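Chemist: This is what each chain is made of:
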Amino acid sequence: MDDERYDSELERQLREAAEGLHIEPSERVWAGISAQLHPRRRKFLWWGAAAATLALLLALGVYLQRRPARQPVAGQQAVQEHRHASAQGGAGKKAAPQAIPPATPDEATAHAAVVPGVAVPPPTAEVPDEQPAVNRALPVLSGLAAQTSTPTWIGDGPGILGPEPAGGQSPEASATAALPAASVPRHRKLSFSVFFSPSSGYRVMKETPLTPVSLAPAAPSSPSNPPSLTAAPPAEKAGTRQRPDFSWAIGIRTGLSLGSHTYFQTGISLQQTAYRVLTYGTYPGYTLSGPVRRPNMFLATRAIPAALQRGVYRKNRYLQAEIPVMAGWRFGDLHRTHLSVAAGAGISYLLHSDPLIYSPKSDRYLTDKGLIRPVNSLLHLETALHIPLGSRTAVSLGPSVSYQLLSSYRNFDEVKEHPYQIGITAGIHWRR
Amino acid sequence: MQRFNPYICPKRDNLLGNYDHEDDKALIRDCLRNQAAAQKALYERFSSSMMGVCYRYARNRADAEDMLQEGFIRVFTHLSQYRSEGSLEGWIRRIMVTTAINFLNRNKHLQQQMEIEQAGAIAAGGQPDDALHGRELLELMHRLPTGYRTVLNLYAVEGYSHKEIGQMLGIAESTSRSQYARARELLASWRKGQLTPRQQGDK
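Residue numbers (the numbering used here), protein chains in the order written: chain A, 1 to 432; chain B, 1001 to 1203.
For reference, chain A alone in the conformation it holds in the complex (with noise of 0.2 Å):
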């Protein structure tokens, strides 16, 4: 009788204790829940991103691509020729022809605007001797050919601005080598680096305090495995602390120069990210429970109570594939020794990470329920000095800083992760 009334009373008990049980779930349930019944929205905003961001890079390259170098105007450059056949008197006059009227009212406009004072006779769609008009641009041209006639260097990417004439030539021949590098863009021309990075870095982090929890055992426990309910980290131990670890980069790079001291670069890289983590407790949302599978493993079911005391490192590191844009400043002639710095942008896959969790739907660690975050940004900020090797070579080196734009968790609003690398860069560059 009073073992009956002892049972009713402990369902009782259990009764009550039940109603009143409220727990606070994590944000990533609601996170998860929310991704499945608006699928569309999330992927739309990531992808869209994403979409919307190769597209503008590309038109930046086509644009770029497109666009026509700064050359002298044909009319500026007749205009200096008869100011400098005007300053040298009568013998300049036989040498230097005379001013050319320009063939359309634009050019009129410009050479108007450049010489305020000349007179310049109107545009007349009539010739108004007999020479050939391609030998009356000839004096035109071979200014420019003149000007041309040292080879430069324009740009990081670089490239040369046309041949040198031959010595001795006639201003035809000089003419004629240069008209086709005067009407292409002469100085857009590719360059390929090849580079790798080692550095180091931590994170920028943002996390709640960790929660120090009840541990309940994965599977039944032994007498040497007693569960514990009170296995929690000394409050003021609770949180994270950090290490660096050796990181990498590696990549191939096309550069592309603007003009004569900006360049832009795209490529592909390999990096790999990395950092130890020093924890005391634990995330909310992670699985403690589970089989040891490595020794080293974040909170293995019977290393809990001694690592939420202690602390345990553990190892992350992210491989991502990327695609960079940079924009860079040269400082100095590219024939010599120069400096370069470099700022850009780039999209990031990753193709792997060392797992954190403990998934017991697969018995396995794994970065589980998507919780880190696949596409990803990274912003860059390099300074290289550059040391030619030969007409066409140099080798760089130079401090470097990358950051990780985006969290790498996703879902997960308790960790705010944007690890950043500082390190020195070293590349071998050819020029086209």
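Think of the hints as simulated: they come from the structure by calculation, not from any bench.
Wrong hints could be hidden among the right ones.
[To be verified] Going by beta-carbon spacing under 10 Å, a handful of chain B positions derived as facing chain A:
hint: 1; residue: Ser1047
hint: 2; residue: Met1051
hint: 3; residue: Val1053
hint: 4; residue: Leu1068
hint: 5; residue: Ile1073
hint: 6; residue: Phe1076
hint: 7; residue: Arg1135
hint: 8; residue: Leu1137
hint: 9; residue: Leu1138
hint: 10; residue: Met1141
hint: 11; residue: Asn1153
hint: 12; residue: Gly1159
hint: 13; residue: His1162
Treat the numbers as computed from the prediction; the structure is a model and nothing was measured.
Ideal Cβ placement from N, Cα and C applies to all residues, glycine included.
Given chain A, work out where chain B should sit, using these hints.
Modeler: Chain B alone, transformed into the frame defined by chain A:
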């Protein structure tokens, strides 16, 4: 000693959005229209209590959150089947219980039965040093093997009959009875063992 229990949280009153407790019909209507704000409001209203339901069946908090997520997705995708005959909370609770049972079956947790002798060793482990209250009783129940705990939950807390439990878990009715008896016996022995020193001290 006051022990920290992260699973118990204060109820939230300010997260219900524009829907009050009596306005279930409007909330359901908007959820059926796939409005994210209404779905969030429904989730906020019942998430903590349903997390408690899931946690009673789960092995740990992460499993409970998986169950909760799966259960709420079922709630939202099957909300049109709710007939307003019973309370909305009761309907959601039944979905959560079914989801939890399916989760345990899918992960074969229910098949991992445990001998009583082995379970007895659990009692020798962490024993609360204070008087047992409902919360501690739940913690003790949580230490039971999954099969025992599931049957105890379904019978003692949810109120299902052994026949219904047998159908739900795919076991014989007699098995459900024996599992429940063993669970009750184990729980009672743990409880008696912990109460004895206190009772002796009182004398």
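Chemist: Does each hint hold? Answer for all of them.
Modeler: Structure-based check of all given hints:
1. Proximity of Ser1047(B) to chain A holds as hinted, the smallest CB-CB distance being about 5 Å (cut-off 10 Å).
2. Using the Cβ-Cβ criterion of 10 Å, the hint placing Met1051(B) at the interface with chain A is satisfied: the shortest such distance is roughly 4 Å.
3. Because the smallest distance between the Cβ of Val1053(B) and any Cβ of chain A comes to about 8 Å, under 10 Å, the interface hint for this residue holds.
4. Because the closest C-beta pair between Leu1068(B) and chain A is about 6 Å apart, less than 10 Å, the hint holds.
5. The interface hint given for Ile1073(B) is met, as the beta carbon of that residue sits about 5 Å from the closest beta carbon of chain A, less than 10 Å.
6. Look at Phe1076(B): its Cβ gets to within about 6 Å of chain A, closer than 10 Å, so that hint holds up.
7. At its closest, the beta carbon of Arg1135(B) sits 6 Å from a beta carbon of chain A; the interface hint therefore holds under the 10 Å criterion.
8. Taking 10 Å as the C-beta contact cut-off toward chain A, the hint placing Leu1137(B) at the interface holds, the least distance being around 5 Å.
9. Against a cut-off of 10 Å between C-beta atoms, the interface hint on Leu1138(B) holds, since the closest Cβ of chain A lies about 5 Å away.
10. Hint on Met1141(B) holds. Least Cβ distance to chain A is approximately 7 Å, under the 10 Å limit.
11. Satisfaction of the interface hint for Asn1153(B) is found here, the shortest Cβ-Cβ separation to chain A being roughly 8 Å, below the 10 Å cut-off.
12. For Gly1159(B), the suggested interface contact is upheld, since its CB lies about 9 Å from the closest CB of chain A, less than 10 Å.
13. Using the Cβ-Cβ criterion of 10 Å, the hint placing His1162(B) at the interface with chain A is not satisfied: the shortest such distance is roughly 14 Å.
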